[in-house]
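Engineer: So the chains spell out like this:
Protein chains: 4
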Amino acid sequence: MEPLTVEVFAVGGYGEAGGRNMTAVRVDEEIVIFDCGMSLDKSLVFEKDFQKASARELRRVKAIPNDPILRPHRSKTVAAVLSHAHLDHIGAVPKLLFKYKCPVFGTEFTIELVKADLRNEIRYADEAEDIMINLYTVEPGDEVQISSKLRLEFIPISHSIPCCVLPVLHTPYGAIVYACDFKFDDNQIIGYKPDYKRLKQLGKEGVLLLITESLRVAEEIKTPSESVAREMVNDVLRFADEESEGIIVTTFSSHIERIQAIADTADRLGRKVILAGRSMGKYGRIAEELGLLNLPAGARIYDRPETIRRGLERANKEKEDYLLIVTGHQGEPGAVLPRIVDGELPYRLTEEDSVVFSSSTIPSPINRANRYVLDTKLRLKGVKMFKDVHVSGHAGREDHRLMLRMLQPEFIVPAHGDPDMLAAYAELATQEGYEVNRDVFIMFDGTKLSLPL
Amino acid sequence: MEPLTVEVFAVGGYGEAGGRNMTAVRVDEEIVIFDCGMSLDKSLVFEKDFQKASARELRRVKAIPNDPILRPHRSKTVAAVLSHAHLDHIGAVPKLLFKYKCPVFGTEFTIELVKADLRNEIRYADEAEDIMINLYTVEPGDEVQISSKLRLEFIPISHSIPCCVLPVLHTPYGAIVYACDFKFDDNQIIGYKPDYKRLKQLGKEGVLLLITESLRVAEEIKTPSESVAREMVNDVLRFADEESEGIIVTTFSSHIERIQAIADTADRLGRKVILAGRSMGKYGRIAEELGLLNLPAGARIYDRPETIRRGLERANKEKEDYLLIVTGHQGEPGAVLPRIVDGELPYRLTEEDSVVFSSSTIPSPINRANRYVLDTKLRLKGVKMFKDVHVSGHAGREDHRLMLRMLQPEFIVPAHGDPDMLAAYAELATQEGYEVNRDVFIMFDGTKLSLPL
Amino acid sequence: MEPLTVEVFAVGGYGEAGGRNMTAVRVDEEIVIFDCGMSLDKSLVFEKDFQKASARELRRVKAIPNDPILRPHRSKTVAAVLSHAHLDHIGAVPKLLFKYKCPVFGTEFTIELVKADLRNEIRYADEAEDIMINLYTVEPGDEVQISSKLRLEFIPISHSIPCCVLPVLHTPYGAIVYACDFKFDDNQIIGYKPDYKRLKQLGKEGVLLLITESLRVAEEIKTPSESVAREMVNDVLRFADEESEGIIVTTFSSHIERIQAIADTADRLGRKVILAGRSMGKYGRIAEELGLLNLPAGARIYDRPETIRRGLERANKEKEDYLLIVTGHQGEPGAVLPRIVDGELPYRLTEEDSVVFSSSTIPSPINRANRYVLDTKLRLKGVKMFKDVHVSGHAGREDHRLMLRMLQPEFIVPAHGDPDMLAAYAELATQEGYEVNRDVFIMFDGTKLSLPL
Amino acid sequence: MEPLTVEVFAVGGYGEAGGRNMTAVRVDEEIVIFDCGMSLDKSLVFEKDFQKASARELRRVKAIPNDPILRPHRSKTVAAVLSHAHLDHIGAVPKLLFKYKCPVFGTEFTIELVKADLRNEIRYADEAEDIMINLYTVEPGDEVQISSKLRLEFIPISHSIPCCVLPVLHTPYGAIVYACDFKFDDNQIIGYKPDYKRLKQLGKEGVLLLITESLRVAEEIKTPSESVAREMVNDVLRFADEESEGIIVTTFSSHIERIQAIADTADRLGRKVILAGRSMGKYGRIAEELGLLNLPAGARIYDRPETIRRGLERANKEKEDYLLIVTGHQGEPGAVLPRIVDGELPYRLTEEDSVVFSSSTIPSPINRANRYVLDTKLRLKGVKMFKDVHVSGHAGREDHRLMLRMLQPEFIVPAHGDPDMLAAYAELATQEGYEVNRDVFIMFDGTKLSLPL
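Residue numbers (the UniProt record's numbering), protein chains in the order written: chain A, 1 to 453; chain B, 1 to 453; chain C, 1 to 453; chain D, 1 to 453.
Source of the hints: derived by calculation from the structure; they are not laboratory data. Note that beta-carbon positions come from the ideal geometry of N, C-alpha and C, so glycine has one too. A couple of the hints might just be wrong.
Selected chain A positions facing chain B (in silico; Cβ < 10 Å) [as the list claims (entries may be wrong)]: (1) 219; (2) 221; (3) 235; (4) 239; (5) 242; (6) 272; (7) 304; (8) 343; (9) 354; (10) 382; (11) 384; (12) 386; (13) 388; (14) 396.
No more than 27 Å apart at the CA atoms, straight line, and that leaves these computed lysine-lysine pairs for DSS-like [what the hints assert, rightly or not]: (15) B/448 - C/448; (16) C/52 - A/377; (17) B/48 - D/52; (18) A/448 - C/377; (19) D/52 - B/448; (20) C/48 - A/48; (21) C/282 - C/193; (22) C/381 - A/52; (23) D/377 - B/448; (24) C/381 - D/204; (25) D/381 - B/52; (26) A/381 - C/52; (27) B/204 - A/381; (28) A/448 - C/381; (29) B/377 - D/48; (30) A/448 - D/448; (31) C/448 - A/377; (32) D/448 - B/381; (33) D/48 - B/381; (34) A/48 - C/377; (35) C/282 - A/381; (36) D/381 - C/200; (37) C/381 - D/200; (38) D/448 - B/377; (39) A/48 - C/381; (40) D/381 - C/204.
Using the sequences provided together with the hints, build the complete structure.
Structural biologist: Take a look at the structure:
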């Protein structure tokens, strides 16, 4: 008889924040994949045109997961699961997943966004079709038997994008929980609430392994609820409204709940809402179709060059009647806000206008430089600026501690984080009675681990 | 005939955050003093026992204002005004103001706290009596004629302590507004709301000079409202309550509105409130007497060693029934939280308890070291920690811009800030059309300026 | 009779490090200009092609000095002086100086570099000719009578470029010393040594005004001598030589003394020296012609695309025989090192090669992003990296204190620095007995100051 | 027959810089201990009087190694080795080593300093005797057979204290190299030079395991040689000498080579040298006795309260004739410099004096606060300050890379560092072809690891 084996493959994201997240788990003879993301930072550093680039060149510069370590097991892959629709979790799907010929599971919002990416793929357009037919939509709470031994469950959780789940792989050796990414937020309105009851129950049933994000584990906080962000948005927009002609808010296109809050506040202030930008269109339209986003009457989404131009032209004529929600919060060239600032779009910014950043700068030097350029230009125009009207979507130390205490996993693998974040998670686990290299394991991209069952 | 003269004396706080704030204005032959604070940091660095120390030694180490520059004018002082009750604005009153033999104006909460300090003064106990009889209480909106030419007005404003005002000195040459310290907050419940209407009216009547704090002018924000802090408190305490036995919150004793919010939330969660610590008693009792603080039924304030001990002993027996609001957020030795952590008070902290910091660390290396010691000890005990559940009370860049646009002062003197903050204010003013050394003046402690009327 | 008047115009660099330095002084009816620099950072932010851009658009984005404040006095300009050849001190000469129709003084190295810039100017090519004929070369110690009342003197000083001087304007009211930029270094080999004797003598004769750089005044150091950098270079190159095939060093092209030290060390290690890059050619050739730079036998300078390519091709064949000194230390795209890293030049970097940065990153987010991209790519290749093999050329707090004590100026205007640096200089001056707004004045771009004689 | 076993015990320092370093290695049935240090920071945080405290209470606050994990193996300990005499490597010897009843090896300088600590021990004074008789002095290059299977070798290496060695444990399974702490410096004069030849030979013979410090592995440098520090010292002291009456230099008492350089420079400048402070006496006298330190004629060491007082009194009378080398570079209360500044010692500091910090601030908030207090007081006195006249003694990334390439170990355990430093070492190793959890292992205090032989 074969010995019991559970093996973890750190395919990507082990050592980088916002990177190419991908983990695979081998249970005896079967493989399950969790997420398949891209590193936006690496593709910026190496100036890759993502839609056109080959997997080989993207992998060489660490922009997509290092999946050759899975090659021997490829044919044994029984499922891939996508936890949520952020690009660092789904962005490499078009480049890699076709090779695995397995069903791909996600909630509806996630799957719809994967489809959008697959339709945009240029290099692997044919292969994208193969993935497309393997996509399966699940509801939170659903359970799916993926093989005789393995079952997937999807526990609803809160994060900064709608319809995020914690996938749980039930194995003969216990449950494997993949908690990338999450925070505990009881006041989120759109998407799911954390299912504490089920998490505690799981803990009692026995969790073999917790694979968990670690981005903000060093911060000794419970990450503030989105209700705090709503109050911030309300506070800033009321202030800005009083004193401004035009108001532009820029935020993450995928943060549907935030967009809803901004739009609702704009509506209460009597300003018409315009969403402008390519990705505002992508996320906004899908969220609208799925009933997640309910824009106020009269709101418009403009996501093609000519409609963006026409929409801004109209808003520019009666600035005090409009609030624009646009792309460009990281200062990325080509997005709507930087183009407005450069005078490339027909909306003139003056010292009577306000620009609100409902976002934080993702800490890469490239984003910092882009924002520096954007902010310097905004300052030269004398525009009023409101930064950091934002709360994070990632678990702080106390969210993590709660997760640990509820699940009581036998083994832990911190994932999705810089090396120092993985190490900081190990410190928390040590404080909670775990021991590094006995039951907590720090992994780096391209390594694997046999659980000492 | 004499030429018109208005002279500004930067007595203290010009070059230091949280320091010995004091400004004097000479209008022709008369002097008016604004604030008379102490530098807590300097008195820590030089280890001065404040109540016992002489003005001479405190001045030598820059712990109290450099008021000898006022000596030639002392007898011409017609009034001193205290804007609010923070120690960096009133802390040096017992050491210096008796020499000026002038009436001292402030709102009731401020004056009551000055009285408390005067009663505690040891070195100048007799002189304290002289000041005591010169204290006058004003209401927001009040106007007081202090000489044939000069009139004081008190405009209500929001800050992180109740009953803060912007004193305005009406002179034959225009109004002089002293805006130290403030933020624009429409959702404060305790204390005053900013009187925008009056500020705009003042601007139309003609403001000669704005003397303004500058601590956070470099932050491109509108400082979040206390309503954001309330939501943070609510979010964290609900989370902590669910998972904890004991809960300790530490915050600024003078921040009555915050204490109210914490106490109200505790009450909703079914926990009895205890305020513990010497300064919790000082501020809390005065606030209660003046009807500013309304603690829930059953709440207790303990501010003497024996009552603190007895109160904690009781709370320690039924931890899950209590929420403690205590001193010690800067880790200062001798305060309640550090003493609990050191086992000097009968309340045992374990990994089932939560400590919430509804504060930020004031950025001096001494506070950082004290907090490092405190936090290291809390971590060793495995206590759950929730930091930075806080919003600032100081104006951000956009609050400042609004003030500037409403008042349209002819001249500006940034005050209360490190040199780089004063310089950052000058940058904002430059952006708004002012010119350094023509209408905006950067001053340092011990210097004076004749306005070029 | 007219009253005595000396007026200082803060034309540029007052509020920015590495910016558009330019100061003008009016003595009664005559104007003298000190420096005429450009802000590289601003021209990067606003993506200006410097050679082609108009003064108007460059001024709008603050890339060149705000000289319209001099318009009323333009015709009274009797001289312009260039202290040294860094671009933030001479870069705007082709855009502005022709309007002043005055003689322009500088040391030979400085003047030769101005000529190179004038020859490259596209937009104002004709006007460049007019400037060209007004250029005058001076020697350290020279004195030039520029009008009946005014005399210029050039005191030798050390900095990070050869042949830097402190211009002194002798006026009927005392001497005006322009100390931008400098450090006190007794061990510099190329260029001049500081003339302490003359500085002290000046102090005794009476200095009316010191205009001084302030970049590093907050650092409580005496800036280390270039002899420290030589020892660093020696230490690192010996180490690298032992373990590497190829060695590339990148440093400031204008830092001739550093280049000499690197080249000499390479020679001792038996490696042939190649200087590669456009600006390596510009500075290197002029320095060679003037006898400032003496490259070892066999050294080559390649500064045109085809020669760079050919030179690198040769070095690539026998890497261990060469040491390359190249442009690109700030990661600027288009420079030699970034192009090597991107595979655009025929020199292959592997894990057996070393790259030495004999420079520090100039603290702008754009440089940081460029270096981040460069460093990430170098890391991917496994190249050995040696950063910060460098000492600064700018005065630390103790250099400044010494200057102050030697010159004992009546008035001080800190220049060339961010607002916080200007303020930090004011702090030092205060410590040394000066008083802000009485004898030390913080100025911002576009302001002027009448000295209270 | 038993399977081959080599086990590593991370007893202390795995997760803290400057901490309680201690590692044990089990080879089959025998144990060897490497270092036995204390965490100065933790003993400051918890205010422990080290000489009087029990092992139990010091262990509870993590001030000394967590050695109970060795309890089952205690009787099998065949040797303890001390790599060098820094307190974070030998400070816990008096508290712990007596329990192991094994010979303790170190170079003469190290052993003499251990003896000094043992003589000062109060709590375990009797046990100290037991350790004393087990101390054995070795020379670099020595080999000692410590059991039938195990042999120790001591390879000379450079660091910031004299007579540092890399202990190598030769086992039947290959060599185990303990590289804590080191840098590669070919220009050190006192102590040993790195034995590159032997290291490369070891690499060829076969290194099973490298246990290595990791403090500065994230810095992409080769740590500068002490020759750079010598040049810095020379540069600063010449400058200071010219302009100052008194000169005080403060540096690490254990950094004999630095003290020598300072003293030599003082001698050249014609200033008499005084070493003052308790630990200056401890290290200085032992170094003198062993011929490591050769102070110039007329130099004096004062290490007792009354001699310090008398010595300073004399120096105070002819300040310009003396240069003091004193304790207190971290601002630690009780050391000589802070006491001079507080006026507790008879040496008056004025604006004509210079204080040189030939040290860097060890990055703990407690040190930062102490230095803040010290520096603020020095500034108030107007004293000239020269900071950071220092180079580190710890390996940078390129020193580490060289060590790796020379030794080519089969397995690596990064030690002595914060969690992020351990993780940064793992990154370097990954770049060099190693794999985390296969051949590089991140360990935390209190864990053990069986090498997968």
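Engineer: Output the numbers, in ascending order, of every earlier hint that fails for this structure.
Structural biologist: 6, 7, 8, 17, 19 and 35
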